[in-house]
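> Spelled out, the chains give:
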Amino acid sequence: MRDHRLSERHITPGPALGDPVGLVRAMCGDYARSGELAWALFRRSLRSQYRQTLLGYGWLLIPPLATTVTFLALQRANIVNPGTSAAGYAAFVMTGAVLWQGFTDALGSPLRVIRSAISMLASVNFPREALVVGGLMEVLFSLGVRVAFLLIALAAMGSPPSWATPLAVGAIAALVLLGWMVGLLLVPAGILFRDVELGLPIITTVWFFITPVAYNLPSEGLLAIVGRLNPVTPLLVLGRDLILRGETEHVMAAAPALAATLGLAFAVSVLFRITIPHVVKRLPG
Amino acid sequence: MNTSDAPLIRVKDLSVRYCRGLFRSLLYAAGDCARELVARGAPGPDLRAGEFWALRDVTFELRRGECLGVIGANGAGKSTLLKVLNGLFKPDAGTITTRGRVGALIELGTGFSPVLSGRENVFINGAVLGIPRSEIVRRFERIVDFSEIGDAIDAPVRTYSTGMALRLAFAIALEMDLDVLLLDEILAVGDVGFRAKCHRAMEERLADSAVIFVSHSMPQVARLCTRLLVLDKGRIAYHGPDIPAGIECYYNHFPFEGDDRARAAGWSLESIALAPHPPQEITCHAPRLSPGDGLRIDATVRFERAFRRLALSVLFSDRETRGVAQCNPSGALRAEDLVADRVSFQIAVPRLPLNPGSYAVSLVAMDEETGRFFGTLQHAAQFRIDGDRFGFTPVQLDGSLALDGQNATC
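Taken in order, these protein sequences are the chains called A and B.
Residue numbering for the first sequence is 1 to 285, as defined by the numbering used here.
Residue numbering for the second sequence is 1001 to 1410, as defined by the numbering used here.
No lab work stands behind these hints, which were simulated from the structure alone.
Quantities reported herein were computed from a predicted structural model and do not represent experimental measurements.
Be a bit skeptical, because a hint or two may be false.
Here chain A is said to cover these stretches of chain B; the calculated rule only asks that three of the stretch's residues, wherever they fall, bring their Cβ under 8 Å from a Cβ of chain A [unchecked claim]:
#: 1; region: 1023-1035
#: 2; region: 1091-1097
Computed Cβ-Cβ distance ranges for the label pairs, DEER-style [unchecked claim]:
#: 3; chain 1: A; residue 1: F209; chain 2: B; residue 2: T1095; range: 32 to 42 Å
#: 4; chain 1: B; residue 1: A1034; chain 2: A; residue 2: A265; range: 47 to 57 Å
#: 5; chain 1: A; residue 1: L198; chain 2: B; residue 2: A1073; range: 31 to 41 Å
#: 6; chain 1: B; residue 1: H1216; chain 2: A; residue 2: P256; range: 57 to 67 Å
#: 7; chain 1: A; residue 1: A32; chain 2: B; residue 2: T1095; range: 19 to 29 Å
#: 8; chain 1: A; residue 1: G246; chain 2: B; residue 2: E1141; range: 28 to 38 Å
#: 9; chain 1: A; residue 1: F209; chain 2: B; residue 2: R1048; range: 39 to 49 Å
#: 10; chain 1: A; residue 1: F141; chain 2: B; residue 2: A1006; range: 39 to 49 Å
#: 11; chain 1: A; residue 1: G144; chain 2: B; residue 2: F1052; range: 22 to 32 Å
For every residue, glycine included, the Cβ atom is placed at its ideal position computed from N, Cα and C.
Please work from the sequences and hints to get the whole structure.
This is how it looks when you write it as structure tokens:
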């Protein structure tokens, strides 16, 4: 009889970490299984996000362009003085803004996608990882469009991307992973308490100003110390240097941030998995 | 029906706690998350401040081919039971063992995007429900046919009526290949024709799955379920195969609001008494009848409006206040029968072929000359019919069966 071949599942009140091997196996299995659903959710989000707009995918380019125009205006008014030509500064800011936008998109993505899927979470059992992976796909798509536009814009401005641009992909990927990991870490608290959602834009604004997006990190002073402690700094600077200059002094500075990001990404994925059922239990509906 | 001996779902001493206060509930959630991080499971058996047991010590098993109806008042724990069985969260005590694929039809159309077309949503919703894309491609025409959406499948879902969207969602959900199916009150989808189609589809499913069906519709429960689980404040109030007993147990939570001083425009009730007909030894205000017994109604009413001849009707309604039968006795009340605006009368109903259960009696009066209705004296009295033969419909008619060549007797 076919019933003998059916897989058996036990649901108990015991801690998920009580069987760490089973937990990691199930988590990896769900990440692997969630590909098709994540792809479907990514396509749904992409289509529905821009279907009712006049500018369509143009909205992907507007945030970094706005940042660039703002800082060019500040430079012309001598409020910001980077010591380079206007064209060079535009390339510098635009590159930094595109990378920063990728980081902040990744940071906000997990909480945004989980919040928008609350009714699904409260009624359907599916790999929760699919939601955040689908969100990550959106972030990567947006970033890909922006980077492609950036490279064309740089060539048009007379500052063509360097030969080392393909190497920047690693730094950019690490930057996105860092943002996504911090975002994933915030999900349980963010779903339970709206303080996280309300506080995130403030934190992101402060973080923007302590990250050398539109300026070079000073070599001394408080901003230099804060900038060095900021894990975004080495990854963003490394990526921008590789695109604009083809050389960098920040490989060693980026290594610890990269290693920590990769290590913590796994731990945060486990944390997300074991805490999300407690969050779902408290969801309305 | 294919009923295997091995249970597909086994629930033992299942308990789930909730907290009423929002902020405290969120703090407990944060605490429970922290417990997970230090590899400690659910908190102990004692409730924390503000908590209550949404489910307590629930135990049952279900095999393929069985359908367990879960009924209970609002807040009894039905939806919590479905969610924890579906693995959305962990219980606080007890164990759940499932075999095979478990899926739920709890909220139809979850994940639908209104700006996308029905076609696009079929693929997305199918993916959410765990149906592989290749299967959706293969079954797409069947889904569209079942949902009766037709050419609108390429229009944005926001242009659909609520019924159309639910029909499409139901048609997609029907394509899930499940061993254990959890249903939460979703069979009231679409118009009458579509509902009948849903029921047929579900009945086909019942034969090959173990189904847990949460509903407030007793006719549906009686029609689909092989066993009943009645929940009362999270605890099992009844569990067994006796469907009438289970339904009666559920109805006992909602006592009839009978009113033996009922008033309506033009007349009011002074007194009423019910008794079995023909008379039996015991006569009380809410008599207990056997299936097929008759009923006698003795009433005194007072009129505040003039009339010449009044026709009376007796309405019989069930615990859900649905009319199930009506008696229009011969004869009428005449103005000259009144004594100080009052009249006493008896109505005899020789036979009541109703399902076992509790019923209410209401009185309606109509002026035979003007055709004008007096108001209805609602739920003036109640009675019970006891018995163990429970049918799918309220009225159970007699009949006889005969082989070819023999005569059926009436």
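> Take the hints in turn and mark each one as holding or not.
Quick rundown of the hints versus the structure:
Closer than 8 Å: that is the beta-carbon criterion, and the region 1023-1035 of chain B has 7 residues meeting it against chain A, so the requirement of 3 holds. Requiring three or more residues with a Cβ within less than 8 Å of a Cβ of chain A, the coverage given for the region 1091-1097 of chain B holds, as 7 such residues are present. The hinted window of 32 to 42 Å between A:F209 and B:T1095 is violated, with their beta carbons roughly 53 Å apart. For B:A1034 and A:A265, the Cβ-Cβ distance of about 21 Å falls outside the hinted range of 47 to 57 Å, so the restraint is violated.
Checked against the given bound of 31 to 41 Å, the beta carbons of A:L198 and B:A1073, roughly 38 Å apart, stay inside it. A beta carbon spacing of about 60 Å between B:H1216 and A:P256 agrees with the range 57 to 67 Å that was offered as a hint. As the Cβ distance of A:A32 to B:T1095 is approximately 27 Å, the hint placing it in 19 to 29 Å holds. Between A:G246 and B:E1141 the C-beta distance comes to about 56 Å, which lies outside the given range of 28 to 38 Å.
Distance hint check: the CB atoms of A:F209 and B:R1048 are about 43 Å apart, consistent with the given range 39 to 49 Å. Under the hint 39 to 49 Å, the C-beta atoms of A:F141 and B:A1006, about 47 Å apart, fit the expected range. Range check, A:G144 to B:F1052: about 51 Å between beta-carbon atoms, so the 22 to 32 Å window is missed.
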